[in-house]
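Enquirer: Below, each chain spelled out in residue letters.
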Amino acid sequence: MNTQHNNKTIEKVTIKFAGDSGDGMQLTGSLFSDESAFLGNDLATFPDYPAEIRAPAGSVAGVSGFQVQIGSIEILSPGDMADALVAMNPAALVANLKQTRKGACIIIDFDAWNETEFKKAGLDHDPLEGDIAATYQIVKAPITTLTRTALKNIDLELKNKDRCKNMFALGMVFWMYGRPLIQTEKYIKTKFASKPIIVEANITALTAGYNHAHTIEVFASTYKIPSAPIKKGVYRQISGNQATALGIIAASVKSGRNVFLGSYPITPASDILHELSKYKEFTVKTFQAEDEIAGVCAAIGASFAGDLAFSTTSGPGLSLKTEALSLAVMTELPLVVIDVQRSGPSTGMPTKTEQSDLAMALFGRHGESPLPVIAASTPSDCFCHTFLAAKIAVEHMTPVILLTDAYLANGTEPWLIPDISDLPNINVSTPDDHEGPYLPYRRDEKTLVRPWCIPGTPHKAHRIGGLEKQDQTGHVDYEPENHELMCHLRAAKIARIADSLPEQEIYGKTEQDLLVISWGGAFGPVMTAVKKLQAEGKSISLAHFNCINPLPKNTATVLTGFKKYIVCEQNLGQFRDYLASRFHHIDFLRFNRVAGQPFMVSELREVFVPLLEECQK
Amino acid sequence: MTETKSNTVAPKLSRKDYMSDQAVKWCPGCGDYAILASVQNTFAQLGKNRDNTVFVSGIGCSSRFPYYMNTYGFHTIHGRAAAVATGIKIANPSLDVWVATGDGDSFSIGGNHFIHAIRRNIGIKILVFNNEIYGLTKGQYSPTSKQGVVTKSTPYGSLDRSFIPASLALGAEATFYARVVDTNPKHMTEIFTAAADHKGTAFVEILQNCVIFNDKTHRAITDKEMRDDNQLVLEHGKPMIFGKNRDKGLVMNGCDFKVVRLGEDGITENNLLVHDAHRESLNLAFMLSRLTLPEFPVPLGIFRQVARPAYEEQINSQIQEIKNKKGAGDLKRLLNSGGTWVV
Ligand code: SF4
Numbered sequence: 001m002n003t004q005h006n007n008k009t010i011e012k013v014t015i016k017f018a019g020d021s022g023d024g025m026q027l028t029g030s031l032f033s034d035e036s037a038f039l040g041n042d043l044a045t046f047p048d049y050p051a052e053i054r055a056p057a058g059s060v061a062g063v064s065g066f067q068v069q070i071g072s073i074e075i076l077s078p079g080d081m082a083d084a085l086v087a088m089n090p091a092a093l094v095a096n097l098k099q100t101r102k103g104a105c106i107i108i109d110f111d112a113w114n115e116t117e118f119k120k121a122g123l124d125h126d127p128l129e130g131d132i133a134a135t136y137q138i139v140k141a142p143i144t145t146l147t148r149t150a151l152k153n154i155d156l157e158l159k160n161k162d163r164c165k166n167m168f169a170l171g172m173v174f175w176m177y178g179r180p181l182i183q184t185e186k187y188i189k190t191k192f193a194s195k196p197i198i199v200e201a202n203i204t205a206l207t208a209g210y211n212h213a214h215t216i217e218v219f220a221s222t223y224k225i226p227s228a229p230i231k232k233g234v235y236r237q238i239s240g241n242q243a244t245a246l247g248i249i250a251a252s253v254k255s256g257r258n259v260f261l262g263s264y265p266i267t268p269a270s271d272i273l274h275e276l277s278k279y280k281e282f283t284v285k286t287f288q289a290e291d292e293i294a295g296v297c298a299a300i301g302a303s304f305a306g307d308l309a310f311s312t313t314s315g316p317g318l319s320l321k322t323e324a325l326s327l328a329v330m331t332e333l334p335l336v337v338i339d340v341q342r343s344g345p346s347t348g349m350p351t352k353t354e355q356s357d358l359a360m361a362l363f364g365r366h367g368e369s370p371l372p373v374i375a376a377s378t379p380s381d382c383f384c385h386t387f388l389a390a391k392i393a394v395e396h397m398t399p400v401i402l403l404t405d406a407y408l409a410n411g412t413e414p415w416l417i418p419d420i421s422d423l424p425n426i427n428v429s430t431p432d433d434h435e436g437p438y439l440p441y442r443r444d445e446k447t448l449v450r451p452w453c454i455p456g457t458p459h460k461a462h463r464i465g466g467l468e469k470q471d472q473t474g475h476v477d478y479e480p481e482n483h484e485l486m487c488h489l490r491a492a493k494i495a496r497i498a499d500s501l502p503e504q505e506i507y508g509k510t511e512q513d514l515l516v517i518s519w520g521g522a523f524g525p526v527m528t529a530v531k532k533l534q535a536e537g538k539s540i541s542l543a544h545f546n547c548i549n550p551l552p553k554n555t556a557t558v559l560t561g562f563k564k565y566i567v568c569e570q571n572l573g574q575f576r577d578y579l580a581s582r583f584h585h586i587d588f589l590r591f592n593r594v595a596g597q598p599f600m601v602s603e604l605r606e607v608f609v610p611l612l613e614e615c616q617k
Numbered sequence: 001m002t003e004t005k006s007n008t009v010a011p012k013l014s015r016k017d018y019m020s021d022q023a024v025k026w027c028p029g030c031g032d033y034a035i036l037a038s039v040q041n042t043f044a045q046l047g048k049n050r051d052n053t054v055f056v057s058g059i060g061c062s063s064r065f066p067y068y069m070n071t072y073g074f075h076t077i078h079g080r081a082a083a084v085a086t087g088i089k090i091a092n093p094s095l096d097v098w099v100a101t102g103d104g105d106s107f108s109i110g111g112n113h114f115i116h117a118i119r120r121n122i123g124i125k126i127l128v129f130n131n132e133i134y135g136l137t138k139g140q141y142s143p144t145s146k147q148g149v150v151t152k153s154t155p156y157g158s159l160d161r162s163f164i165p166a167s168l169a170l171g172a173e174a175t176f177y178a179r180v181v182d183t184n185p186k187h188m189t190e191i192f193t194a195a196a197d198h199k200g201t202a203f204v205e206i207l208q209n210c211v212i213f214n215d216k217t218h219r220a221i222t223d224k225e226m227r228d229d230n231q232l233v234l235e236h237g238k239p240m241i242f243g244k245n246r247d248k249g250l251v252m253n254g255c256d257f258k259v260v261r262l263g264e265d266g267i268t269e270n271n272l273l274v275h276d277a278h279r280e281s282l283n284l285a286f287m288l289s290r291l292t293l294p295e296f297p298v299p300l301g302i303f304r305q306v307a308r309p310a311y312e313e314q315i316n317s318q319i320q321e322i323k324n325k326k327g328a329g330d331l332k333r334l335l336n337s338g339g340t341w342v343v
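If you read the sequences in order, they're chains A and B.
Going letter by letter, the first sequence gives residues 1 to 617 in my numbering.
Going letter by letter, the second sequence gives residues 1 to 343 in my numbering.
Worth flagging that the hints you see were computed from the coordinates, not collected in a lab.
Hints may contain errors.
Computed cross-link-like contacts, SDA-like style, restricted to lysine to any residue with a CA-CA straight-line distance of at most 20 Å [claimed, not checked]:
1. A:K140 / A:K254
2. A:K254 / A:L501
3. A:K254 / B:G243
4. B:K25 / A:L501
Chain A is nowhere near these chain B residues, computed Cβ spacing over 10 Å in every case [to be verified]:
5. D21
6. A37
7. D51
8. G73
9. R80
10. K89
11. V211
12. D265
13. V298
14. I315
Virtual Cβ for every residue (Gly too), placed ideally from N, Cα, C.
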């Protein structure tokens, strides 16, 4: 390594790779992440891609970005602002400048710096004009030309050579952050195993980028990010949607029931369907239905017949499934509906994240139709909470809604692979053998759960359906007292799930000045902000919820003894209002953002610090 | 295949064995009673295993059907019976899954699930009780009501053109389509038996009389006086003959059918079209589906019955194939797949 170089050791860094949708930025970003994970860094990623599959080349609408934060400390969020930006064209620069820290290093493909490209980006001037050069360290690398030169002896069409320029850029960034190329070379070799010439071209471009950065000393400094003190074990990179799919299979294995997934393609949930459909060796039955309604209805049918049934969707799809969800409530069948939330209402911003389906999950059904609502915190945590949702569904004979979101779904992080023997069993109830005709609605005294009696069970033929059930027999019954009783029984059954839920934790001490409250996918940034302030000696704690309905039994105790309470969520206050309706004596403050992006740690800090100061007055 | 075995039990069964303990609550005189009796008789004759049978329904008068069958049953929501039944059949292909539904349930709110179930050829039997009206919501016109019909929601006559369910189903490549009337129990039993034996989706349209809101709508083909001249009972391999005196028949005339009289212009039975329910091509069945009064008789019986793999079988064989190739799933191996590293 060049010793004259200013080589700094840093704790963490946020890097953004941005380019045209066709520039391969998602791959570039994930290769950088994998290499860093392999070196022992902790990290979190945030792919941010446009809704259009291929928006006009060079346009701002077509910019696809991949942000990753890596560190030698615990990393829970993909970072607020980029410390380094790779911009493959002017549009990528324009789209990301606001989210780039002043003084950051910006690598541009200088070959794309011309009038034509400015025009495509909707600019009438060079975006580098003005004081931008003084504010950032701009590295003008003619990436396209350099890639072509590097590949001049390789017999490939120019078009295909140009597709390797992302590898050249990646090589440069690898050198800047002292990463080896091992994992990336391995990936390229496996990925293109059948096309040796493509392997050669990509690896040549990668190495050329690395050497270019080294030789011409384009960077003012290079950086070292030592490995993070993370728990020992075997790790892999995982996205939320992948973790969800694995959670589904784990629940199948632990319950001994086959998986049925009834689903209709919708962004950003489709990857769960794609992922699961690969694992047919687990007797997974994936059913791509004609619509959202058929997806959930087929899942309900499969559940009636004894499969572990799921339906995956996003907000608009959940709207379509609500009638069927009430049928599952009425018939008391196990089912997990997974809502990967995105920005709404309506089609909204389909690729952007939000937490705004909470109210619908809790209350969006006709009649008194209670069901458990569970939310996952991080990409890898989707595994645990999918598993928990399935366990609740089966053990309590109820539909469950699991809320994840676009940020968790596409974001990745290193995952300490769990030991499967540590996963609890999922206990399937079997029909009891009492005298006389079979009583499908006879309940367990403690949990109020009815048995799962599937068609094919001898001598227990019975009918269920959406009409009100008579207690015990399940016959159609319109008696006023019976309906009253059944509504209360269904509600009590859900409420009693709290008896088997884990207690709500508090991160930090009780009886502090400020209790920050969050739920689901807001975890990473909120936790990071709270930990930072705690490290500065501030009187602040966090209660982060995964079980939304029912709330953990100790919630009232957790919400005691603080001077101020603030609920942070990416909607206009849905969880805040839910808590306020249950804990009238507390004045819940709120911090809400609906920008389609995860919270920034800095904006949370700006909210918490003045509140902490007020408490000290 | 053990399907037939598990669905057959030795002792002789009667209609009573398939009657549930619930009081039947259709209006007196409703055609549904005869359909229920015919289904129960068919099941008794076939010796169907009650515990292995599931009746699924949507919403409407016909959809109360599962409550009256002493089998497993699922009364679901409006239009969705085919979707729920699809899930049941995929989850457990050894179950015998029947759908009882109506014209509103299956051709209006549930039209999408209906055509897609047929397209996939999922092994469910769909009995549509077509009374050309909404009964349970008290008398609005349905997608099969004749244009111009005066109902509660169309006091000045309906404007909608009606579906011909046969054409709709055949357009979705139905592998089994048959039409029966609720006044002919013997024919119903025969057709239900054929449907029960069919692999894949069997769709039986039952022209059913709603005495309350659309009485005698199928009169021309059910009334003793008129029916023989107005219906053509299709039988595979038999010439297409009809009429009280069995003196009329169908021949091809260019690209269309034509009604001819036997004995006139030297026409004999040999000149008539012979029904072939097993033709791979949909054309004959589709042309039959277009026949309506008064120019043509209304065909009854099995229009089409062809062998195609059932969807649930395809799902299972694909799973089996993957298992043979990859070995049975191993959770530990799966969790540890992809690029892993040790810290
Ligand atoms: S309303 Fe019509 S279809 Fe419904 S039960 Fe009465 S007669 Fe039968």
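Enquirer: Could you run down the list of hints and mark each one as holding or not?
Expert: The hints, checked one at a time:
1. A:K140 / A:K254: 55 Å, violated
2. A:K254 / A:L501: Answer holds: K254 of chain A to L501 of chain A is near 18 Å, not above 20 Å.
3. A:K254 / B:G243: The hint is violated at about 65 Å.
4. B:K25 / A:L501: Roughly 44 Å separates the two Cα atoms, so the pair is violated.
5. D21: The claim breaks: D21 of chain B does not keep its Cβ more than 10 Å from every Cβ of chain A (closest is about 8 Å).
6. A37: 19 Å, holds
7. D51: 5 Å, violated
8. G73: Incorrect as stated: the minimum Cβ-Cβ distance to chain A is 4 Å, not above 10 Å.
9. R80: 4 Å, violated
10. K89: The claim is violated: K89 of chain B sits with its nearest Cβ about 8 Å from chain A, within 10 Å.
11. V211: At roughly 23 Å from the nearest Cβ of chain A, V211 of chain B sits farther out than 10 Å, so the non-interface label holds.
12. D265: 50 Å, holds
13. V298: Non-interface label stands for V298 of chain B: nearest chain A Cβ at 30 Å, farther than 10 Å.
14. I315: 6 Å, violated
Violation of the numbered hints given earlier is confined to hints 1, 3, 4, 5, 7, 8, 9, 10, 14; the remaining hints are satisfied by the structure.
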